[in-house]
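A.B. asks: Here are the chains, one letter per residue:
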Amino acid sequence: AQSVTQLDSQVPVFEEAPVELRCNYSSSVSVYLFWYVQYPNQGLQLLLKYLSGSTLVESINGFEAEFNKSQTSFHLRKPSVHISDTAEYFCAVKVMFEGVGNMLTFGGGTRLMVKP
Amino acid sequence: ETGVTQTPRHLVMGMTNKKSLKCEQHLGHNAMYWYKQSAKKPLELMFVYNFKEQTENNSVPSRFSPECPNSSHLFLHLHTLQPEDSALYLCASSQAGTGNEKLFFGSGTQLSVL
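Chain order of the listed sequences is A and B.
Counting from 1 along the first sequence, just add 107 to a position and that's the residue number in the numbering used here.
Counting from 1 along the second sequence, just add 982 to a position and that's the residue number in the numbering used here.
Here chain B stands alone, though its shape is the one from the complex (with noise of 0.2 Å):
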């Protein structure tokens, strides 16, 4: 147990759906993430917040929307998505900005999109 929960585990979406996924910290920490990890590629930053505000938007398509209301949940919002949007979406967070470089993942959502 890392203190950083995902839910669902596994989503099957059609294109035309909307849903959400979400993720809870309890380590009190400042800073989260989004990344989308694919088969045979390397890991993706999608979106960064600090302090609820989001520092990072890595050339995210306009159907994913992230929301940070406040420094323990994050939510990934997701729209009419396509096919190759089928990944793992991780959620992690860190202590920004006190030297300790370590990110604490949580254990993802699996998304398959038909």
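Same shape as in the complex, but just chain A (with noise of 0.2 Å):
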């Protein structure tokens, strides 16, 4: 079975500054791994998904991620950060080829925070 493991229930930054919001799994076989927000009374969004190729991964509002295979990690990096990126983001991973149907793992979240 697969776990993820978001390190930080809450991350409080300054508008402007950079963040990092850090993401580790376990998994015996290849997973993909995913990253979603979820914004203030609604549904999850995916904001982007690392399936293969280029280990860094970008979303069109500035975060990217960079998929370490070796330290089984995917941690979500924005260089500057706006009021409007406060969230709940979540990690999560799926096995690759599980076959039909999108069966997710989700770690527990990470409320960013930002300030101004």
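Hints are not guaranteed to be accurate.
As the list claims (entries may be wrong) - In silico SDA-like cross-links for lysine to any residue, where the CA-CA straight-line distance does not exceed 20 Å:
| hint | chain 1 | residue 1 | chain 2 | residue 2 |
| --- | --- | --- | --- | --- |
| 1 | B | LYS1022 | A | LEU114 |
| 2 | B | LYS1022 | A | LEU158 |
| 3 | B | LYS1004 | A | GLN178 |
| 4 | B | LYS1023 | A | LYS176 |
| 5 | A | LYS176 | A | LEU163 |
| 6 | B | LYS1084 | A | GLN117 |
| 7 | B | LYS1022 | A | GLN117 |
| 8 | B | LYS1004 | B | LYS1023 |
| 9 | B | LYS1023 | A | LEU163 |
| 10 | B | LYS1084 | A | LEU114 |
Simulated from the structure, these hints should not be mistaken for laboratory data.
The task is to assemble the complex, starting from two chains supplied on their own in separate frames and drawing on the hints.
C.D. replies: And the structure:
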């Protein structure tokens, strides 16, 4: 079975500062990796994903994440955050070739709080 | 708007009540999911339906009963719940088998069991 650990439950940061949200996973097989974001009173939305290829993936709103196989990590970073980035961020994994269905294992989430 | 609609947005029920949560997706997807989001806990996958057939029941108590009458609709029937069942219940859908591993989530139903 696989598991996902998000080491920080809350990350307070000032606007325009850089931020890193940490995610580590454990799995005995190859996995796909995801970051989802949940804004207040909304469901989760896919932020970015790593399926294969380049280990650095980017989202359209300036976030990026790097897959590090040796460290089994998929940390999320942004060089300069905005107030609108305040949300809960979830890291998730899915076993490759698991078959039909998209059963993700989620981490506990990290609440990013951007202060003016 | 993600294309996945959940109703009601909020629900308060007593432990002896029977209620149902509804989820509808307008994306043409063939897989639908129920997740439970509790405070300070990871999201828990409850049920998975592929092509209207339940393919996953993640050790969920029988007081939760899913129903998937067609590929666009998913229900979660609730009866004799416990206070610890209070949580945000999220529905999601995806197009399984295409290699596009993206889940589309609804906004959830915030359930309070008194």
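A.B. asks: Please go over all the hints and tell whether each is borne out by the structure.
C.D. replies: Hint check results:
no.	hint	result
1	B/LYS1022 to A/LEU114	holds, 13 Å
2	B/LYS1022 to A/LEU158	violated, 28 Å
3	B/LYS1004 to A/GLN178	violated, 41 Å
4	B/LYS1023 to A/LYS176	violated, 26 Å
5	A/LYS176 to A/LEU163	holds, 12 Å
6	B/LYS1084 to A/GLN117	violated, 25 Å
7	B/LYS1022 to A/GLN117	holds, 11 Å
8	B/LYS1004 to B/LYS1023	violated, 23 Å
9	B/LYS1023 to A/LEU163	violated, 28 Å
10	B/LYS1084 to A/LEU114	violated, 24 Å
Hint compliance for this structure: hints 2, 3, 4, 6, 8, 9 and 10 are not met, and every other hint is.
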